[in-house]
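**Q** If you read the protein sequences in the order shown, they are chains A and B. Using the working numbering, read the first sequence as starting at 977 and increasing by one per residue. Using the working numbering, read the second sequence as starting at 977 and increasing by one per residue.
Do not rely on the hints blindly, as some may be mistaken.
It does not matter which identical chain is used: a pair holds within one copy or between any two.
No more than 35 Å apart at the CA atoms, straight line, and that leaves these computed lysine-lysine pairs for DSBU-like [stated by the list, open to error]:
#	residue 1	residue 2
1	K1256	K982
2	K1164	K1263
3	K1106	K1263
4	K1377	K1107
Treat the hints as calculated values from the structure; they're not laboratory data.
Number of protein chains: 2
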Amino acid sequence: MSEAIKFILPDDKLPKHWYNIRADLPQPLPPVLNAATGKPVGVEELTPLFPLELIQQEFSTERHIEIPRPILEVYRLWRPTPLRRARSLERLLGTPARIFYKDESAAPTGSFKPNEAVAEAFYIREAGAKKLVTVTGAGQWGSAIAFAGALFGLQVKVFMVRVSYEQKPYRRVLMETYGATCIPSPSKETEAGRRTLAADPTSSGSLAIAASEAIELAATDPDAQLGMGSLLNYPLLHNTVIGLEALEQMEMAGYWPDVIIGCVGGGSNFTGLAAPFLGKMLREGQKVRAIAAEPAACPSLTRGRYAYDFLDAAHMGPMAKMHTLGSSFMPSGIHAGGLRFHGMAPLVSHLKEIGIIEAVAFSQTGCFEAGIMFARCEGILPGPESNHAIRAAIDEALRCKQEGTARTILFNLSGHGNFDMQAYADYLAGKVDDRELDQKTLDAAFANLPSVRPHNVK
Amino acid sequence: MSEAIKFILPDDKLPKHWYNIRADLPQPLPPVLNAATGKPVGVEELTPLFPLELIQQEFSTERHIEIPRPILEVYRLWRPTPLRRARSLERLLGTPARIFYKDESAAPTGSFKPNEAVAEAFYIREAGAKKLVTVTGAGQWGSAIAFAGALFGLQVKVFMVRVSYEQKPYRRVLMETYGATCIPSPSKETEAGRRTLAADPTSSGSLAIAASEAIELAATDPDAQLGMGSLLNYPLLHNTVIGLEALEQMEMAGYWPDVIIGCVGGGSNFTGLAAPFLGKMLREGQKVRAIAAEPAACPSLTRGRYAYDFLDAAHMGPMAKMHTLGSSFMPSGIHAGGLRFHGMAPLVSHLKEIGIIEAVAFSQTGCFEAGIMFARCEGILPGPESNHAIRAAIDEALRCKQEGTARTILFNLSGHGNFDMQAYADYLAGKVDDRELDQKTLDAAFANLPSVRPHNVK
């Protein structure tokens, strides 16, 4: 047998805690603000929406947060996930680079999302809530939370951005198969939805609009709490099992990654993989470049403003300092539905701002080309979101080839593309829209950034 | 941590050989016959269609057949697959039974099919052929062989039964993504297809018709050879890696299975799991019940005749002794497309005939119900084919509950249902057709069984 290509951790190496990078940050994360007062949001303001345990995790700066046993029990269904070396892809590219990928597509619903979903469903059930309300774009989060809700006996209601609801009917069927209810947003179920529909009856929706609907429902129904698929600190935290496992697996493989890559929409899978490596760098000085790969059609990290903005369109929630395109920004209907959000997680934005991570944006066709190259070599058909990470990894490997250097690249295969076949059909038929996002559209969205000046915060 | 639920074999335990149950059979398998002469088919007759290595495997009665290193290298991408104990499902059922499943959905294209596909593509490439022609029903085989073809640089052409081609456009897209060509059958590309279309221009096709098209093309193009997704001995042989791994994993788990279950269409995933256990029983006497689960709409093992019949509709290929509904039988459009074939693999038929295995047939709704129960407990959405195995496993577990006995059940999760969402949508909407197959239809198909009396064979 030639060199190993698969690194499987034994079950007993499953991480027993999540890693909180806030413990190791050289500069603290700017606080989330109450939009009315301009003051940092406190625990009390969040209790109508979230269970106390999650709120405490949101504010925590402790390095290690213990994973409760019932969550570990569920994680064991599919975790630890494999780490693989993409030898066929390396050969195809003729690169001296070593390309590793963490295979989060091996999770039950086909993406990394159950890492967070299982944790949230557990804490929400423990807090005594009966219902979980949330939003989904492409549906990876929606199906993960539908599954997690089934496991913990919660009624799950998912507001799905209407354009995705219509583009991806099978994601909806998957959620329903797990027993969840899926509603196209904007809907008539909420004041926020009705207002949006009154202004534009044909609105195709956005994650920001769906978020307003979910917040409204969770805030008004005492039995319901809000599920967050990304953006806040704790969904990012729950994904650090990815990177903690990968740290051990890279050690098994005998390499420290020079470059770590993940695709970013909200930032949760990227941070999940990168944070434990970045923490080691911050604490022990072992250098690693972490690259966040985003779509050129929704380039919050590479072209957004770093400013306080709302996460939701109706401005019902608080404001966070982040790279944003403005909460009124309507991203074009690219197939990487999971990457279509106007803002980036405050934690990821902060890491970018203080120079700990880098960002790069790609057009769609280049991403599909990379994804298909990967599929033909490794077998797994990647999600359109993951294709951004693959594109970045291939580009880095080709640079290694040009330079004649053998760097070690690790990327996160955040999910498979089995529910995104229309995207591949469109790409193969030459129908993928690859227009550049023009500055005028962006400027118009920036003009809607809140003018509220936060108090006590520079 | 409570009791283990996942049994992962280390890479170096990957089987180095396939297991050939013919070495341990108490009675030999009846030969395949040349329809014109009634005499057993010899190696020479098969050489226009298949590489010599595969033909030799087809006739072999050696117990162990070595897996060539390049095939092992590819297997390592996803093998060994996990064996899991379905603890949540056991709890839900309240059964004392132990339910284990071998997770073949973890393979790149989402089913067990790459086990065979990689082997066939390798041998066909080694034999110098440039093209591989084959047929697919639901598309699991088609996508696996498309992937394997990409790995070994073969042009792959897949005749897909028209009803599935139209029902499952995304399976076609998947094949095309791997670089294969997919043609709805009956087609105008072959004499057999043109003849069928002349008789019935709206024919929705069958695997038997598609097989005639593929045989014709492979026989007339010297650059092409025929890929077989099931039925013959060697595709069944190549799947024994499943059972060989499971043997070791059940040992890790500390249980010998009392009952082994697989769904059957042609018989390849069932045999792949069961044969190594049955071999141990035949050689060493350790008792195991092996149950083949088939759809009531296409019940070859439970209601078919055990007789010599053709594998293809145009009767271009040889005749095999098998449980058959007649090669003119048109199964109804059930969603378990992989189980829609008029005949059963001769080896499986023989095992049934000599009393080594059992068979059971299920209606569709009961299978979907079982599959959804499984999905909500274990996360993985099973293929409609696999739901037949799950139904059988749940029924057995419920019998254990009634009897108060703790039997150990092992079933094969042959594949996931990510490409079968329309099936789940139809089931959830109450639109699954569950009519019983009437005896009149069956009698009409039996009337078309070949009257040719084979010579030299009773």
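**Q** State for each hint whether it applies.
**A** A quick look at each hint next to the structure:
no.	hint	result
1	K1256 with K982	both (23 Å within a copy, 30 Å between copies)
2	K1164 with K1263	neither (51 Å within a copy, 61 Å between copies)
3	K1106 with K1263	neither (46 Å within a copy, 47 Å between copies)
4	K1377 with K1107	between (52 Å within a copy, 32 Å between copies)
Checked against the numbered hints above, the structure violates hints 2 and 3; every other hint is satisfied.
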